[in-house]
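**Student:** One-letter residues, chain by chain:
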Amino acid sequence: MNPAILIVIAIVVVLVIVLIALYNGLVQRRLRIDEAFAQIEVQLKRRHDLIPNLVNAVKGYMGFEQKVLTDVTNARAAAVAAGAQGPAQQAAAENVLTGTLRSLFAVVENYPELKANENVLALQEQLTTTENQISFSRQHYNGTVLDYNTNIATFPSVLIAGIFGFHKRDFFDAEPEAEATPTVDLSLS
Amino acid sequence: MATSSFYGQISANRRNSFLMAAVVVVLLGLLGFTIGYAIVGSPAGGVAALALAVGIGSISGIAAYFGGDKLVLTVSGAQPVDEAAAPQLMNVVREMAIAANIPMPKVYIIDDTAPNAFATGRGPAHASIAITTGLLEKLDREELQGVIGHELSHVRNLDIRFSLIVGVMVGAIAILADFFLRFTFWGGVSGRRSNREGGNGIQAVIMVVAIVLAILAPIISRFIQLAVSRQREYLADASSVELTRNPYGLERALAKISSDSEVLEVANRGTQHMYFTNPIKKFEARSSGLMSTHPPILDRINRLRELTGEPPLGSSEAAGLAGLE
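Sequences listed follow chains A and B, in order. Heads up: the first sequence at position 166 corresponds to 166 in my numbering, and the numbers run straight through without jumps. Heads up: the second sequence at position 293 corresponds to 293 in my numbering, and the numbers run straight through without jumps.
Among the hints, erroneous ones may be present.
Straight line, CA to CA, 20 angstroms or less: simulated SDA-like cross-link-like pairs of lysine to any residue [what the hints assert, rightly or not]:
1. A:K45 <-> A:E125
2. A:K115 <-> B:Q88
3. A:K45 <-> B:R94
4. B:K138 <-> A:E125
5. A:K115 <-> B:D140
6. A:K115 <-> B:R94
7. B:K70 <-> B:S258
8. B:K281 <-> B:S258
9. A:K115 <-> B:I165
10. B:K138 <-> B:M104
11. B:K70 <-> B:K138
12. A:K67 <-> A:G86
Here are a few chain B residues that face chain A, going by a calculated C-beta distance under 10 angstroms [claimed, not checked]:
13. P87
14. N91
15. M96
16. A97
17. I98
18. A99
19. A100
20. R141
21. E242
22. R245
23. V266
24. N268
25. Q272
For the record, the hints were derived by calculation from the structure and aren't laboratory data. Just so it is clear, CB atoms sit at the ideal spot from N, CA and C, and this is done for glycine as well.
Model the full structure from these sequences, guided by the hints.
**Tutor:** Here is the structure:
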């Protein structure tokens, strides 16, 4: 056989192998994003389940702070409902819930008996860890998005990304409202 | 190379440790080649000697790879814990495992007032992490998170595996060099053979090179092994910041530990390299030299301060940092 033809065949084979490797790499990275997103859902549900216990534990002590407690309860119900409405509404509702919980923790600081109560402390630790797990899940999600976006924008995957339908994904951003410091209403109401 | 971001520090540390490991590989190759050539008169002997030395070294490596973690946990007196016994610790480990995207490791506690920790295990699926009661008592949640982030980063970066591979090569160099030096002192075969074959000029030169390498290579490779260990410690610090996005927790933890004078009873020369900070106090004090497994704590604090653009601390100021809650 003509050596030139052999060389051409070899080059084509190598190119096909490289193409397969690049394509698989992109698919793998895209799937990791989906997995990371699902993990966030798991943490959010855990928080929904913990909140009623917390509210019950502190209710008896916080006679004057009913507004803070009802805010938390209502925000939780809204977040659970938003789960069916789509990712954007869900994220918005979850951020509102985070704000109400922050207010609740801030108010608990003012009640010494509450701060020392073992059940409350244990529940506070549970909620702290749940909040942390949510934010680390989101952080990991952003990490997978960064890895994927970097891959489709850099050589050599950039050459095939558009053709095979791999497009940029969005990072998880906190809502603008979540950046404002939550106001704590300490008035007797 | 920007060391003011943790990404920059992570790449620099990884690159340095790989370059150092490559130097050890080259040393091993050169040693094997020159020894084989000097003894046998051809490169084929070198390849055979190399394969034999790496094979012998690998046996202990494989044993350490599969059984090393259980051995170390037993020697250190570590007791397993669960949610009921240490809820906050388990929560912090779980948070870091989520951030690192690795499975939850087995968690152990060592009953000792000296604050320290270590991680072991051949990969993320088989990892264990041990913390002293002293560490749990003295650090707050944020500082504990920094330390756990550092330990889980050792797992995620496959540091145990990396140091094992470097260790096998350093061991192979020691075996080869030892065997060869005994051989030339007691055997003296090569002089006679080269006279018979007539290629004595080159072989004699190679012989001299082999002897020089056999004396120097074990020492040099041991120094490099220690340097690699220090680079991986810096890497674990930077990776911890990648997980927590909070250098302050780890900084304060380091400052608290450096100002603590308690001695960790269960640690010894064999296990010192694995801990968060060097548990043998006099080694820690002398650690600015080439002979230590860990970088000096002050240098670790100052590298973290680079990330937040703060000025580096002197040794007397570090204790003040520990006092900040």
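**Student:** Each hint needs a verdict: does it hold in this structure or not?
**Tutor:** Hints, verified against the model:
{"no.": "1", "hint": "A:K45 <-> A:E125", "in the structure": "holds, 17 angstroms"}
{"no.": "2", "hint": "A:K115 <-> B:Q88", "in the structure": "holds, 17 angstroms"}
{"no.": "3", "hint": "A:K45 <-> B:R94", "in the structure": "holds, 17 angstroms"}
{"no.": "4", "hint": "B:K138 <-> A:E125", "in the structure": "holds, 18 angstroms"}
{"no.": "5", "hint": "A:K115 <-> B:D140", "in the structure": "holds, 17 angstroms"}
{"no.": "6", "hint": "A:K115 <-> B:R94", "in the structure": "violated, 25 angstroms"}
{"no.": "7", "hint": "B:K70 <-> B:S258", "in the structure": "violated, 28 angstroms"}
{"no.": "8", "hint": "B:K281 <-> B:S258", "in the structure": "holds, 10 angstroms"}
{"no.": "9", "hint": "A:K115 <-> B:I165", "in the structure": "violated, 51 angstroms"}
{"no.": "10", "hint": "B:K138 <-> B:M104", "in the structure": "violated, 24 angstroms"}
{"no.": "11", "hint": "B:K70 <-> B:K138", "in the structure": "violated, 27 angstroms"}
{"no.": "12", "hint": "A:K67 <-> A:G86", "in the structure": "violated, 28 angstroms"}
{"no.": "13", "hint": "P87", "in the structure": "holds, 6 angstroms"}
{"no.": "14", "hint": "N91", "in the structure": "holds, 4 angstroms"}
{"no.": "15", "hint": "M96", "in the structure": "holds, 8 angstroms"}
{"no.": "16", "hint": "A97", "in the structure": "holds, 9 angstroms"}
{"no.": "17", "hint": "I98", "in the structure": "holds, 5 angstroms"}
{"no.": "18", "hint": "A99", "in the structure": "holds, 4 angstroms"}
{"no.": "19", "hint": "A100", "in the structure": "holds, 8 angstroms"}
{"no.": "20", "hint": "R141", "in the structure": "holds, 8 angstroms"}
{"no.": "21", "hint": "E242", "in the structure": "holds, 9 angstroms"}
{"no.": "22", "hint": "R245", "in the structure": "holds, 7 angstroms"}
{"no.": "23", "hint": "V266", "in the structure": "violated, 29 angstroms"}
{"no.": "24", "hint": "N268", "in the structure": "violated, 35 angstroms"}
{"no.": "25", "hint": "Q272", "in the structure": "violated, 31 angstroms"}
Comparing the model with each numbered hint stated earlier shows that hints 6, 7, 9, 10, 11, 12, 23, 24, 25 do not hold.
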